[in-house]
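Asks: Residue numbers (the numbering used here), protein chains in the order written: chain A, -13 to 657; chain B, 83 to 378; chain C, 10 to 286.
Read the hints as simulated data drawn from the structure, not as lab findings.
It should be emphasised that the depicted structure is a prediction, and the values quoted were computed from it without experimental measurement.
Just so you know, not all the hints are guaranteed correct.
Claimed, not checked - Straight-line alpha carbon distances no greater than 20 Å define the calculated EDC-like cross-link-like pairs of lysine to aspartate or glutamate that follow:
| hint | chain 1 | residue 1 | chain 2 | residue 2 |
| --- | --- | --- | --- | --- |
| 1 | A | Lys232 | A | Glu20 |
| 2 | A | Lys441 | C | Asp175 |
| 3 | A | Lys441 | C | Asp173 |
Unchecked claim - Partner residues aside, some chain C positions facing chain B, computed with beta carbon under 7 Å:
| hint | residue |
| --- | --- |
| 4 | Phe132 |
| 5 | Ala139 |
| 6 | Leu145 |
| 7 | Asn246 |
| 8 | Ile259 |
Beta carbons are placed, not taken as given, at the ideal position from N, Cα and C, and that holds for glycine.
Here is what each chain is made of, one letter per residue.
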Amino acid sequence: MNAAPPLLSVRDLSIEFPRPEDGTTRAVEGVDIEVDAGEIVCLVGESGCGKSVTVRSLFGLLPPPGRMVGGRVIFDGTDLATLDPARLRALCGASVGYVFQDPMTHLNPLLTAGAQIAEAIAGRPRWGRDPEVARRVEVLLQELGIGDPARVAQSYPHQLSGGMRQRVMIAMAIARRPRLLILDEPTTALDVTIQAQIIDLIRTIQRQTGCGLIFVTHDFGLVAELADRVYVMYAGQMVEQGRVEKIFARPQHPYTQGLIDCIIPLGGERPLLTIGGEVPDLRHLPAGCRFHPRCPRASARCRTELPEIACGAEGVVRCWHAGHGGLSPAVDVVGPTLAQTGPSHGRAAGSVAVQIAAVQKSFPARGGAFGGRAMVHAVNDVSLDLAPGEIFALVGESGSGKSSLGRLVVGLEPTTSGQIAIAGEDPARRLRTPGARPLAQMVFQDPYSSLNPRKLIRHALAQPLINHRICRPAETEARSIHLLDLMGLTPGADFLDRYPHELSGGQRQRVVLARALAAEPLVLVADEPVSSLDMSTRAQILGLLQRLRRDMGLAILLITHDLAVVGKMADRIGVMYLGRLFEVGPARAVIARPTHPYTRMLVSAVPVPDPALARTRTRVVMGGEPPSPVHLPTGCHLHPRCGNATAICAQVVPDWREVGPGHHVACHHHA
Amino acid sequence: MVHLAPGDPLNFITGEGDISNEQLARLRQEYGLDRPLSTQYILYMAKIFQGDLGYSYRYREPVLDLIQDRVPATFLLMMPALVLFVGLGILLGIVAARRQNSGGDLFLSGLALLGWSVPVFWLGQLLIIACALKLGWFPTQGMLNLRAPTQGMARVLDVLWHLALPATALGMRFLALSTRMTRSSMVQVLRLDYMTTARAKGLPERVVLSRHALPNALLPVITIIGMNMGTMLTGSVLVEVVFAWPGMGRLLYDGVLARDYPLIIGIILIVSIVVVAVNLITDIVYAIVDPRIRYT
Amino acid sequence: MSAKSWLRLSSSHAAAIGLTIVLLVVIGGGVGPWLTGSPSAMDGRAFCPPGPGCLLGSDDLGRDMLARVANGARVSLLVGVAAAAVSAILGVVVGALAGFAGGRVDEFFMRVAEAFQIVPQFFLAILVVALFGPSLTKIVLVIAILSWPSTARIIRAEFLKLRDQDFVAAARLAGASRGALIFGEILPNALPPVIVNASLQIASAILTEANLSFLGLGDPDQVSWGQLLFGAQPFLNQAWWMAVFPGVAILLATLGFNLLGDGLNDILDPRQRGRSD
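Only chain A is shown next, with the shape it has when bound in the complex:
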């Protein structure tokens, strides 16, 4: 389409990781990529597909012992293979800028942000204090929308917030106005709201500098927001390539189709979908097409013959059965969503499962400089009722106190003031009483750390059954197997004598769920139950939660930062900020008509999986990040960040007002 030669052209790239004990793994095979000047290219796929390795290898940043074993990289007319290592290194920073996933671990802890940026500006170490360089550092930080560049420049990485660190990373990457910017999952470690800020920033930078851009992500929602062109990778191979509009409108490869189908849109009636199975281990690749074990279109040919990536009428795709409208691997594992079935199963009118009354929780700040007198105010005056069989979603940025509230509800921590009652009883006291069956159970965010690595699954399940005398000791095993079967781990007996590390993330999360149910709780607190899982597994766990509520009448407090999940799962939603609730109401109403300025910003930060819409809509942006819960703002906690704030906001905590049926907002200025 473009007469000019591309800025970057990668042909037939292959990368290997030698493994002394069991041969060599080919992490990437035969990958072609082209990036034009001024173009945004997205590289997308699940984790373990070789995306990061691919972009790192281009300019010699592959971690040892990985090595490029084939292919040509032509950048700006130069074949990079002809450059010696020192010349190749010199290209980095000058012509190519990199931004990586976790800004904390990617910054040197011993140097100030300013010193690290100065290095990037000069391309060599700056030891002394050069006022000219210091000025350029501050100008650069200012360009990135940082209000107090001098302070940021003098700070060490540990003194900065996550979003600020990522801005410092970006500053280093664009310091010398490179022609190509490579961003490797730059927002994955950040909150959605900060992600929205960074995505806006990236778009602005790209427009201003006109650089080419490679954006690596596992999130197809972000692809819609950013990409001009999309490359889809699966198990080390490119499977499809095309313009973003075309990829979204007419995906050819079943994998692409499946990934797009798995996006959970904000609102809408579509059920939660999932792709079964997992990305194959590179050491044991399936014969034929690498996707065939998960593919509904797979034929005998797919099982034996690997398709070439080919340019057809409908685009560039690697599949024997390419074409839009073919079978999608994304399937509905859940059954009808809850919005259609309704929450009323077994629910007596007016009955209450959980009662939270004016609850506060504060604890001493860790490493407080002055003898631990500084207090973290995690939960501030929260009142809330949960009905039996209700899914109530608690949303907010990290540090909003939603997890703390969850731990209070299960009774792991006592409240500082106020009461929590489940069926009229204090869960913390109940937990301290030996032999008493607990009222609530919990599912944790990280399924890797919520199972004891040294104990068998059998032990994890037997523990609640025996301690709480749920069943007779002789029945423990049968009961455990039944629970595992119920969670879709069939046959359950096969899982009893395994260790957690032998299970995948999704399987572990099912075990955790089974263990929580073993104690027969009235309430289940699910703290970010899917955020550490792969996209394709998420829907499976969410579906289980819905079934539990439907079949057992369990009240579920779902703690999450993902509003799209909330829209699919929850009956009601509570928006939390710095330990305080801002808005409570029916989930669909709140998402469709967010009233509080903070909720509006949250809703608008969710990526829209439609390229056309994503680029034309106006976003509600809110600068800054939540302040520390040690020093709470006066009045309405949001006032320092809120565009609508007036004098009263800084002084008076707003009262609750009803804006719709069951929809309450705490804001002085609700529209």
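Given the coordinates of chain A, work out where chains B and C should sit on it, guided by the hints.
Replies: Here is chains B and C on its own, set in the frame of chain A:
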């Protein structure tokens, strides 16, 4: 507490010879051994705070003077171990870490482990047997050639010649320690994400290593070396005994043989103060270098 | 990924070699004396150089060095293992208490540990042995009492880290008692670094005993390797074998335990353990 131990120090002072009871009583009074134990202890503590470590039974000199005479020799023995061998160890550690799991790395790591496992005094004995007795390259004992006293530059060379073996025996352990620590610390740092960042900025590999890897890798090494000050002094005692080096360790050894309690306690007190001071200095250095640690 | 596997491979080599050496020394100490006879039998020529008849030579009193070295293994290993065991038990108890209780208890114990760590241990050992007289039990106890803080700190750090892990919270929700939390959930996960440390501490205790003996502060009734070297010092000129062989024995034993410790560390180190592979 000292007096629970078997043996009466006066037995040593008076030696094997005959001594009358009157004389014994006079001596007891002279050394304050006739007073109640609690009084002795309080008097002793009070004196320590005045900088008075008491009198040595054996040498009949103030303990502090005795120690002061011996400190320079011990210092001389420890300097090469601290500077030369630790420096070399850090270098070897870097070399090994950069070629992780290569033959060279395995060789250096193995050697370091060997150096860490070998008893210091035995290494001294081996060096004496091999380099002094069999080959005759170095003297076996002492700090100076007493038979042919020298002056000026020749004297310095003579001391260095005597120093070579004991310093090597002592330094080997620290060479081993610093190699091991630097290697493992460097291997960890080299794996960290900010190394990739530094490379992505286009910094030459030399700069990536010297500015980003090394400072971070050396932080734990500083602490470990500081924490091993006690080990260093231990080694110094043993080496001084093997080589009859006239330092504090040799003095302690003589004190132990003679049950010269004021001397033993005095030396241990001084050593403790040095070790505590070194640890404090290490902590302060660490806090200065690492911005994540702030003392309030 | 492959670097990790390489490391595991080479590290298990280290552990295997270490274990082999340790076993050799243990067997030598266990079976050796039975074959070589009494270490104090003066039935040979004094200062006999190594050769047929007396493999490792004989000492100034005509005692067979092979018998003495083999017997020394018993004493040195006993001191090493006993001291490390006592110190590990002490360290685990104190560290677990401090780490689980937290707060004031933690602060108190850690100050005590710090005080113990900062005093020059060997000198204190000299003082104690010089004051109370040498005996094997005292030497073992002194070494143990002076070396527990490192174990305590390791256990405490692990407890602090593990205490907040989700699986501990989950066990609480599953009705586990405090004892079940400590012994069933936390301790098994905190032990690997202690095992590593114990192996290194055996090596260090063997060295400390040798150092003390070399200063004439060993148990005079027991033939340890350090004591053989103490006895060899005056005769370096006449009988090199008196110094060389006991030293080689110490070197082998400490090297073995150090290798084993290093190898175990690489195997057990969570940073090298893959999450899902």
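Asks: It remains to establish, for every hint, whether it holds in the given structure.
Replies: Structure-based check of each hint:
no. : hint                 : verdict
1   : A:Lys232 to A:Glu20  : 17 Å, holds
2   : A:Lys441 to C:Asp175 : 14 Å, holds
3   : A:Lys441 to C:Asp173 : 18 Å, holds
4   : Phe132               : 5 Å, holds
5   : Ala139               : 5 Å, holds
6   : Leu145               : 17 Å, violated
7   : Asn246               : 6 Å, holds
8   : Ile259               : 5 Å, holds
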